[in-house]
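**Student:** Take a look at the letters that make up each chain.
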Amino acid sequence: MDSSVPLLISVVTGAIGAALIAYAFSRAHGNVLIGGAIGAIAGAAAPLIFMLPLNYCTFEAERESIDVAFGLLLIGIALIAVIVPVRWISMRLLGHQSVIARQIVPGAFKGKWTPWLLLAPTLAILVLFLYYPSLDTFRLSTLLARLGARRTAFVCVDNFTRLAQDSGYLNIIGITFFISIAIVVIGLALSLAIANLAYLPIKGASIYRTLLIWPYAISPAVAGIIFLLLFNPTGGLINYVLNGLFGIKIGWLNDPAAAPWAVIMASVWKSLGYNILFYIAGLQNVPKDLLEAAAIDGANAWQRFRRIVIPLLSPITFFLIITNMTYAFFETFGTIDYLTGGGPVNATTTMMYNIYEVGIVNNDLGKGAAQSILLFAMVIGLTVLQFRTTGERVTYGA
Amino acid sequence: MASETQTIDREQVAELSATRATGLRALLPKRLYAHALLWVACLIIGFPLFYALLVSTQTNSNVYAYQFTPGTAFADNWAKVMVERSIWRYMVNSIFISIAVTVGKTVLSLLAGMAFVYFRFPGKWIVFGFVLITLMMPTEILVIALFRFVNDLNWGNSYYALIVPFLASATGSFLFRQHFANIPAELSESAQLDGATPLVFLWKVLVPMSWNTIGALAVIQFVYVWNMYLWPALVIQGQDRQVVQVGLRTLIGGDASLSFGPLMLGAVAASIPPLIVFILLQKQFMSGFALTRDK
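Chains as they are written, first to last, in the numbering used here: chain A, 643 to 1040; chain B, 69 to 363.
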């Protein structure tokens, strides 16, 4: 590698950072030179987040162009991750606002160390069993490592860039999104329809609610086991009914086109209770006078539902989209493992299932860690999306 | 003037609701329609578990003959599930782990919530962010690194591996923080005047006022731990400490052909404890959720 590469990168990112922060300062009537200086330092330092651990290996001469592109992507991510908070903090300082909100704590207890003692167990466990493994996942993703073997080999970003060239893996991403989107769309539509009946103050409403919500307590694994019976090609009830009604038999568990639907239906069933619960809570919050006013203005039931209820429920819908997506990404593992084992011919191998197969079954920790990080990035993307969309949505009424 | 408009408004509202009441009475069949649809929904949702319960009394030949009456093989299936494959052993393990994690998480979350609401300390918001951000880190993603770490601690194949990593809860700390923040500050002020220490205040005042939140959290955590599958499958070998979700595998493997009766009996049995917890704490669970809705 050319030794001037690190310098070149930091000069470029420093210039970008200087421009961005200086611009923000000029708009906020701050000192442009100071802003430029802060931005230059932050921008120049940002690439180090990834490039110090990687030692700029993506820019070595013998690397393929995809590795270089991935390195640039990492630098871009690091730049965003540094510049956004620096801009936020410096803007607050410019406005003479305190960065850390002033604490007014009525009824506070005295004691300097007591809060830390109270927090110590929680923080210790989070650091040891969440933060440390998270960082270790990043480290592992650059290695060729096996469980039980002490020796590891540094492979730069191969574990990531090989994924992009692996058509099998692109297929797995496609399957994951297909299954997840189907679970979200079907699950939310059904639960909204049912909640729309169950939130009414009718006789026996609480009994209905219990009878609708209990699948929340069923595990994804048990859902897989029960649907293994229902979807059994020869003895299963679903094919028995389909055969009786339409004269068809579907190879739910051995037809690659049908198997994802078996997973989808089992997962929708299992998560229905949770979704209904949240929609009932949301529907109870819809102001009655708004619906009455619309009824007086001549809106029919469907128009009221479409134009008033659905927009008012949008924060809950977004929340449920995120929780159902994470359910579909991770929790379906138990269902899939019992129902299809990821088959037939990988038709139900989701990204999470593949992490298990690659990282644990094949004992290739580095590849598994790299795929975990990709999935991690998707979860963070979805969460950020959730915060942005629900933050911007206007909620009418109380 | 203001009171006048109010009375007029009230009259109008009374009128409106009167017409609404007669309107609803006229629409009685529509309500029956809602009842009928809800019944159908409850039946469809309940059917898979009900059918599993039915099959748990049957032999495979009953299943393949689509017999919809209880079979006579319940005793045989029970013997296979509980005696031969010792599913009860896995259930005891699961109950132990679920209770341990639920209790531990509740205690740790109470302490953390207390620190966030009743104390002043530098960097509080940073610490809170540090806790809250872990909501975005599902254990499943860290499973490979965590597996390695737990093996380095020599916790492989032990209860520690199933309990300790799950004792801290961002959800719990957040829920209790929200709940405590809504409790009037006068309570802690007068408690301090009486010379109560923070832990005494927590135990005597806050906990009795928090049963709804504690109950809601207990349902969430118990169900979460009971349903864990991937992690125990990785860290636990052998049946002494295995959990029931993984233990059910022994009802599939080993046989020449799959026999559904024992498998369904195992699946139903494995669902009973979380269902009991859910039904017992249902009221707290629902009101706890209503509380968490952001307003």
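The hints are simulated quantities; they were obtained by calculation from the structure and are not laboratory data.
You may find that some hints are simply not true.
Unchecked claim - Chain B stretches covered by chain A per the calculated footprint, using a threshold of three residues with CB under 8 Å from any CB of chain A: (1) 136-145; (2) 155-163; (3) 277-286.
Said to hold, decoys possible - Computed, partial: chain B to chain A, Cβ under 8 Å: (4) 120; (5) 122; (6) 180; (7) 182; (8) 224; (9) 233; (10) 242; (11) 246; (12) 263; (13) 273; (14) 318; (15) 343; (16) 352.
Using N, Cα and C, we set each Cβ at its ideal position, and we do this for glycine too.
**Student:** Hint by hint, say whether it matches the structure.
**Tutor:** Status of each hint after checking the structure:
no.	hint	result
1	136-145	violated (count 0)
2	155-163	violated (count 0)
3	277-286	violated (count 0)
4	120	holds (5 Å)
5	122	violated (10 Å)
6	180	holds (4 Å)
7	182	holds (6 Å)
8	224	violated (10 Å)
9	233	holds (4 Å)
10	242	violated (11 Å)
11	246	violated (15 Å)
12	263	violated (12 Å)
13	273	violated (11 Å)
14	318	violated (12 Å)
15	343	holds (5 Å)
16	352	violated (13 Å)
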